[in-house]
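Each chain is listed here by its residues.
2 protein chains.
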Amino acid sequence: MATTKTPVDNGVNVQALLDAREALKKAPEAAQFQWRATCKWVYGTHSRSTIMRFFGLGQEQQHKTETSFSADHPEIFASEDKGITPVEYLLVGLASCLTAGVAAVAQNRGIQIRSIESKVEGKMDIRGILGVDSDVRNGYDDIKVTFTIDADASKEDIEALVAQSQKRSAVYDAITNPVNVTVEVA
Amino acid sequence: MATTKTPVDNGVNVQALLDAREALKKAPEAAQFQWRATCKWVYGTHSRSTIMRFFGLGQEQQHKTETSFSADHPEIFASEDKGITPVEYLLVGLASCLTAGVAAVAQNRGIQIRSIESKVEGKMDIRGILGVDSDVRNGYDDIKVTFTIDADASKEDIEALVAQSQKRSAVYDAITNPVNVTVEVA
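Chains S and U supply the protein sequences, listed in that same order. All residue numbers for the first sequence refer to the numbering used here, where the first residue is 1 and numbers rise by one. All residue numbers for the second sequence refer to the numbering used here, where the first residue is 1001 and numbers rise by one.
The shape of chain S in the complex, shown without the other chains:
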């Protein structure tokens, strides 16, 4: 009996990514990207950041729409809670980067994904930012990401998807390894 195999569709155009990889081997200057945000203080600890333009493939690029993001501190810090905290934005970036990677790697490996869910938990001792104890760091002590994935694959294959996503994740790298940041006043 002939069986019909439905092609795997996770919605990731892997061929385009493989083509880009080949093209950038010969044109490393096109691989130099610059991502940008602008931020305006509103009042208190509330600010609004806007994302629209970036640079890549040798020219100015832009998103389809401009998006703005409020950040604030919660009420327990005597603030207005008009947005999530700055440190929570890191968790959004980390979870979304790893998730996109899992879908892309699965597409490349011919594994159909049905669902990917994750929870991210970041531990922080706020005695750091409050200046209580100089031995306590300001940022996260550690972050744990736990995935629950439903896919046409064994537990081992699913774990391998996650491991490969982690290996190629821009945000995972930026958080786990030092990034040079310079801050200036114009």
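Just so you know, these hints were derived from the structure itself, not from any lab. Ideal placement from N, C-alpha and C gives every residue a C-beta, glycine not left out. Hints should not be assumed to be uniformly reliable.
As the list claims (entries may be wrong) - Computed spacing ranges between beta-carbons, pair by pair:
(1) Glu1066(U) - Lys40(S): 20 to 26 angstroms
(2) Asp157(S) - Asp1141(U): 30 to 36 angstroms
(3) Asp19(S) - Asp1019(U): 55 to 61 angstroms
(4) Gly1058(U) - Pro7(S): 50 to 56 angstroms
(5) Lys1155(U) - Asp157(S): 56 to 62 angstroms
(6) Gln1062(U) - Glu156(S): 36 to 42 angstroms
(7) Asp1141(U) - Thr146(S): 25 to 31 angstroms
(8) Ile1076(U) - Asp157(S): 26 to 32 angstroms
(9) Lys64(S) - Thr1148(U): 25 to 31 angstroms
(10) Lys1025(U) - Glu156(S): 47 to 53 angstroms
What the hints assert, rightly or not - Cross-link-like lysine-lysine pairs, in silico, DSSO-like; alpha carbons within 30 angstroms at most:
(11) Lys119(S) - Lys1064(U)
(12) Lys26(S) - Lys1144(U)
(13) Lys64(S) - Lys1082(U)
(14) Lys119(S) - Lys1082(U)
(15) Lys155(S) - Lys1040(U)
(16) Lys40(S) - Lys1082(U)
(17) Lys1119(U) - Lys40(S)
(18) Lys1040(U) - Lys167(S)
(19) Lys1064(U) - Lys40(S)
(20) Lys1123(U) - Lys25(S)
(21) Lys144(S) - Lys1026(U)
(22) Lys123(S) - Lys1064(U)
(23) Lys1082(U) - Lys25(S)
(24) Lys144(S) - Lys1167(U)
(25) Lys40(S) - Lys1155(U)
Unchecked claim - Just some of the chain U residues that point at chain S, by a computed CB distance under 8 angstroms:
(26) Ala1100
(27) Ile1116
(28) Tyr1140
(29) Ile1158
Chain S is already provided as a structure; the job is to place chain U on it using the hints.
Relative to the frame of chain S, chain U by itself:
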């Protein structure tokens, strides 16, 4: 002639933060926070992350409202651009953290802020994430933040505000120094 001095009002309740600092000196366990996000894959490289609950001051806490954030890749990566990229969320976190810090430090130093604007630029060589060259890192090579601040203070005092904000910034620390991240499949 008597002059009336308007009290500095940047909207930051510095007294509450100083009180918290004193209280946490005696109760370090209350300073242990856990920030959380949950993320669901939508399709392709598009995901949606949700932020609502966190833990701190010894108990479960929550934001006033639940907020969701879409992340995706742009059209030049053959994606749908249904949200900003995961790496751009790091820039939002960095800019908003430093901005809140400037307003808070200025309040503590009696400096009236009129405006704080910043632009953030993060350089990334995408040959890393595409696996073109294993010597190229996945994350940012470097990030530059440039502030433009209008305040009742000298250039030197404004630069000192920014330096102190940087010194106490949770996101600046998390990006410039290594954070331990563990990724698991449930």
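Evaluation of the provided hints:
no.	hint	verdict
1	Glu1066(U) - Lys40(S): 20 to 26 angstroms	holds (24 angstroms)
2	Asp157(S) - Asp1141(U): 30 to 36 angstroms	holds (33 angstroms)
3	Asp19(S) - Asp1019(U): 55 to 61 angstroms	holds (59 angstroms)
4	Gly1058(U) - Pro7(S): 50 to 56 angstroms	holds (52 angstroms)
5	Lys1155(U) - Asp157(S): 56 to 62 angstroms	holds (58 angstroms)
6	Gln1062(U) - Glu156(S): 36 to 42 angstroms	holds (37 angstroms)
7	Asp1141(U) - Thr146(S): 25 to 31 angstroms	holds (30 angstroms)
8	Ile1076(U) - Asp157(S): 26 to 32 angstroms	holds (30 angstroms)
9	Lys64(S) - Thr1148(U): 25 to 31 angstroms	holds (28 angstroms)
10	Lys1025(U) - Glu156(S): 47 to 53 angstroms	holds (49 angstroms)
11	Lys119(S) - Lys1064(U)	holds (20 angstroms)
12	Lys26(S) - Lys1144(U)	holds (28 angstroms)
13	Lys64(S) - Lys1082(U)	holds (8 angstroms)
14	Lys119(S) - Lys1082(U)	holds (21 angstroms)
15	Lys155(S) - Lys1040(U)	holds (19 angstroms)
16	Lys40(S) - Lys1082(U)	holds (24 angstroms)
17	Lys1119(U) - Lys40(S)	holds (9 angstroms)
18	Lys1040(U) - Lys167(S)	holds (20 angstroms)
19	Lys1064(U) - Lys40(S)	holds (22 angstroms)
20	Lys1123(U) - Lys25(S)	holds (19 angstroms)
21	Lys144(S) - Lys1026(U)	holds (28 angstroms)
22	Lys123(S) - Lys1064(U)	holds (21 angstroms)
23	Lys1082(U) - Lys25(S)	holds (28 angstroms)
24	Lys144(S) - Lys1167(U)	holds (25 angstroms)
25	Lys40(S) - Lys1155(U)	holds (19 angstroms)
26	Ala1100	holds (4 angstroms)
27	Ile1116	holds (4 angstroms)
28	Tyr1140	holds (5 angstroms)
29	Ile1158	holds (6 angstroms)
This entry satisfies every hint, going by the numbered hints stated previously.
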